[in-house]
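Participant: Chains as they are written, first to last, in our numbering: chain A, 1 to 167; chain B, 1 to 167; chain C, 1 to 80; chain D, 1 to 80.
Treat the hints as calculated values from the structure; they're not laboratory data.
If you're wondering where the values come from, they're calculated on a predicted model, not measured in any experiment.
Heads up, some of the hints might be wrong.
[To be verified] Partner residues aside, some chain C positions facing chain B, computed with beta carbon under 10 Å:
1. A8
2. R11
3. G15
4. A57
5. S66
6. G68
7. T78
Idealized CB from N, CA, C, for every residue including glycine.
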Amino acid sequence: MLVKVQAADFDSQAEINAFPQEGIRGAGGLVSFVGTVRDYSDAADILAMEIEHYPGMTERELERISAEARAHYDILDSLIIHRFGRLGPNERIVQVTVWARHRAAAFDACRFLIDVLKTSAPFWKREITPTGMRWVTDCPGCRAGTREGHSHGVAPAVGHQHSSMHK
Amino acid sequence: MLVKVQAADFDSQAEINAFPQEGIRGAGGLVSFVGTVRDYSDAADILAMEIEHYPGMTERELERISAEARAHYDILDSLIIHRFGRLGPNERIVQVTVWARHRAAAFDACRFLIDVLKTSAPFWKREITPTGMRWVTDCPGCRAGTREGHSHGVAPAVGHQHSSMHK
Amino acid sequence: MIEVKFFASIREQLGCAQLCLSLPRDGACVADVLQAVEAQTGVHLGGQHLLAAVNMAHVAMTAPVSDGDEVAFFPPVTGG
Amino acid sequence: MIEVKFFASIREQLGCAQLCLSLPRDGACVADVLQAVEAQTGVHLGGQHLLAAVNMAHVAMTAPVSDGDEVAFFPPVTGG
């Protein structure tokens, strides 16, 4: 498994070509998900996106979910690349690629990885507007039900603020 | 939608970069399946793969299933590239890429397209060995149940020959 | 006349990629065309998986064939 | 001592990315650390979604904290 957390952009094909070949011998194919910054044609005030992360924990979480995918699906190997820092519209944010002997497992594992990444990897997006920044809030904990580590704080919850920016 | 049937190899990233941007504005990401010729470490007599197709019908079928995917899934657009001719181990055979606002639809539609392509697009693979060629037989009709256009011939079926090469 | 095309193992069995036939009879179906092909080539194609297309669209063996159509026979596809 | 890190909107609310605290008490849990943070900063973090990690692994608010641990508080993640 390979995990990369970086500010730099990446070339999907070059990353796939450079992937260690030993582990993916016998692959019948690969499934990739590439997430991009949306083009905010309808929200012209958004200039860019900025992604903050928790160095150290990010890599650790991505490696943990990669190992989980390998334990649960009949796959050969996986690659996760996630960027941080400032990104413009249509820029690549994340790539998840899974190699497998058979495509069903590759589809299942790729989907598992991006779903779990979105609820567990410590990244936070904020939108940059002419007047400042606003955090993107998504609340996967609320969406997906109770999860270990998800809490509404030690005091009773008094309601959630959700921005209009849901993905 | 874009469909390419070609002998030449392709660069996944370059194809994605070159895809008409108008139709995929607002995409949150893409899902790609890339199918490759297996590395026959365990079947050293296979030198290469050769793919025959039905020019005209191939493009027509791929366009038909692309339209079907667009009718059934909430996707923005799709790209299918399929090669024919002689391919060596680990070479790319096929790429299916789907853009969508939300990733669930992209995963579903990409999987639908490659599944349907494998049972409906008129391509036939054969393995090239030192002593000749042998057709790959897969029998999706038998696997998937009755399908229009699938028949065992006008005379009573006397049994099927299946090679050992199943994907 | 109808143009009949063969692909992959079917093409090899017949030793021929394409034939021109006159429509076997008014109201002929794909199965009739296949019988005419077998009669003309002396090769029996029954007993194996066989797909058919008329004018480049998959059809059942019972589908009608008209004068001027392009009919094709081929084994189950193995692309992807 | 324990090192406490804050990310994203939590970091902004506190106006601080990192604090060092002595372990609130023997057998302290993550919630105790959060209370100590609130006491020290005067900022009330309750009433909002809050995730916690100990030594870079997600944990519940009831998870134990030991001397030397790295504890982190942050809002629900929005990567991908």
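Participant: Hint numbers the structure violates, sorted upward?
Facilitator: Violated: hints 3, 5, 6.
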